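**Q** Sequence:
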Amino acid sequence: MIKVYGFSRVNKMAHGKTRDLRVLWALEEMGLPYEIVGMDHPEHDLDTPAYRALNPFGQIPAIDDDGVVVTESGAILLYLARKSGKLMPHDLAGEAQVLRWCVAALNTIEVPILTAWFVDLYGGKGTQASEALHQWGDMRLKQLDGWLAGREFIATHEFTVADLLMTHVLGAGIDESVVKDHPNVLAFQKRCIARPAWKKAFDAYVDRVEPA
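Take the sequence shown: its letter number 74 is residue 74 in the UniProt record's numbering, and every next letter is one higher.
Some hints could be false.
To be verified - No more than 30 Å apart at the CA atoms, straight line, and that leaves these computed lysine-lysine pairs for DSS-like:
(1) K3 <-> K17
(2) K17 <-> K142
(3) K142 <-> K3
(4) K86 <-> K3
(5) K180 <-> K125
(6) K180 <-> K199
(7) K12 <-> K180
(8) K200 <-> K17
(9) K199 <-> K86
(10) K17 <-> K190
(11) K125 <-> K142
(12) K83 <-> K199
(13) K200 <-> K180
(14) K3 <-> K125
(15) K200 <-> K86
Stated by the list, open to error - Here are the in silico distance ranges between beta carbons for each label pair:
(16) D207 <-> E176: 35 to 41 Å
(17) K190 <-> H157: 17 to 23 Å
(18) A132 <-> G171: 19 to 25 Å
(19) R52 <-> E210: 29 to 35 Å
(20) A129 <-> G94: 37 to 43 Å
(21) W136 <-> L32: 19 to 25 Å
(22) Q128 <-> L99: 47 to 53 Å
Worth flagging that the hints you see were computed from the coordinates, not collected in a lab. All values reported here derive from a predicted model rather than from experimental measurement. Virtual Cβ for every residue (Gly too), placed ideally from N, Cα, C.
Could you put together the complete structure from these sequences and hints?
**A** Spelled out as structure tokens, the structure:
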């Protein structure tokens with residue numbers, strides 16, 4: 001059975017937004033059996049030698065699939081898609097499109113958005129650097145909005161791990177402030193989080209993970 005290293009307790013501001021949710025959502029979509037190894041972030045479970053042996057960066061999520069250890073949320077999703085044969089096209093051209101948009105989610109979209117959030121959080125709001133980051137992120141979201149015009153999903157005609165990843169990068173509907181001015185992106189996000197697997201994964205997370 002797949003072991004998923006996810007949070008059992010996490011700082012309040014991060015509760016419901018952590019990247020282990022990407023993996024839990026994917027596992028529910030794919031119907032793969034798994035067990036959760038709960039990690040207490042405020043108690044520094046991620047800093048133990050045992051966990052650093054799995055992930056030297058001390059980050060969540062990580063999985064252990066009968067000795068196959070995978071870290072980084074994007075890599076985990078792609079591994080699970082290959083393992084299950086689900087949420088990934090079986091032809092090379094289709095797989096290339098999914099890979100393309102997974103990389104775009106984690107680099108082209110997440111980098112400016114997440115960096116701007118960190119800068120603002122730590123006292124940089126209103127600075128020139130903050131304004132530049134917000135402009136960069138808004139430019140990328142406008143471009144993404146144009147791509148999604150007339151499209152139901154981002155990479156292919158069916159829901160894939162690329163849609164799952166992009167949806168979570170954009171806040172998974174928990175905070176719509178990032179996407180509210182981009183109607184095609186907002187509609188895309190709402191389609192994705194309407195899926196029963198997301199609700200099941202998110203509700204279980206909220207019940208299990210304690211905000212600190």
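**Q** Each hint: holds or not?
**A** Now the hints, each set against the structure:
Between the alpha carbons of K3 and K17 the distance comes to roughly 20 Å, so the proposed pair stays at or under 30 Å and holds. In summary, the hint linking K17 to K142 is supported, as the alpha carbons are separated by about 23 Å, within the 30 Å threshold. As the CA atoms of K142 and K3 are separated by approximately 38 Å, the hinted pair breaks the 30 Å bound. Between K86 and K3 the CA atoms are separated by roughly 19 Å; this keeps the pair inside 30 Å, and the hint holds.
Restraint check for K180 and K125: the C-alpha separation of about 20 Å stays at or below 30 Å, so the hint holds. With a C-alpha separation of about 21 Å, the suggested pairing of K180 with K199 holds against the 30 Å cut-off. About 24 Å separates the Cα atoms of K12 and K180, which keeps this hinted pair within 30 Å; it holds. Distance check on the hinted pair: K200 and K17 sit about 15 Å apart at the alpha-carbon level, within 30 Å; holds.
Between K199 and K86 the alpha-carbon distance is near 19 Å, which keeps this suggested pair within the 30 Å criterion. Restraint check for K17 and K190: satisfied, since their Cα atoms lie roughly 16 Å apart, inside the 30 Å limit. Of the pairs offered as hints, the one joining K125 and K142 holds, with about 22 Å between alpha carbons and a cut-off of 30 Å not exceeded. Using a Cα cut-off of 30 Å, the hinted pair K83 and K199 holds, with the two alpha carbons roughly 23 Å apart.
With a C-alpha separation of about 24 Å, the suggested pair K200 and K180 falls inside the 30 Å cut-off, and the hint holds. Distance check on the hinted pair: K3 and K125 sit about 39 Å apart at the alpha-carbon level, beyond 30 Å; violated. Pair hint K200 plus K86 holds up; C-alpha atoms about 18 Å apart against a cutoff of 30 Å. Our hint of 35 to 41 Å for D207 and E176 is violated, since their Cβ atoms are close to 23 Å apart.
Under the hint 17 to 23 Å, the C-beta atoms of K190 and H157, about 18 Å apart, fit the expected range. The hinted window of 19 to 25 Å between A132 and G171 holds, with their beta carbons roughly 21 Å apart. The hint said 29 to 35 Å for the Cβ distance between R52 and E210, and at roughly 23 Å that hint is violated. At about 39 Å, the CB distance of A129 to G94 agrees with the hint of 37 to 43 Å.
At roughly 37 Å, the beta-carbon separation of W136 and L32 lies outside the given 19 to 25 Å, and the hint is violated. Roughly 35 Å separates the CB atoms of Q128 and L99, a value that falls outside the hinted 47 to 53 Å.
Comparing the model with each numbered hint stated earlier shows that hints 3, 14, 16, 19, 21 and 22 do not hold.
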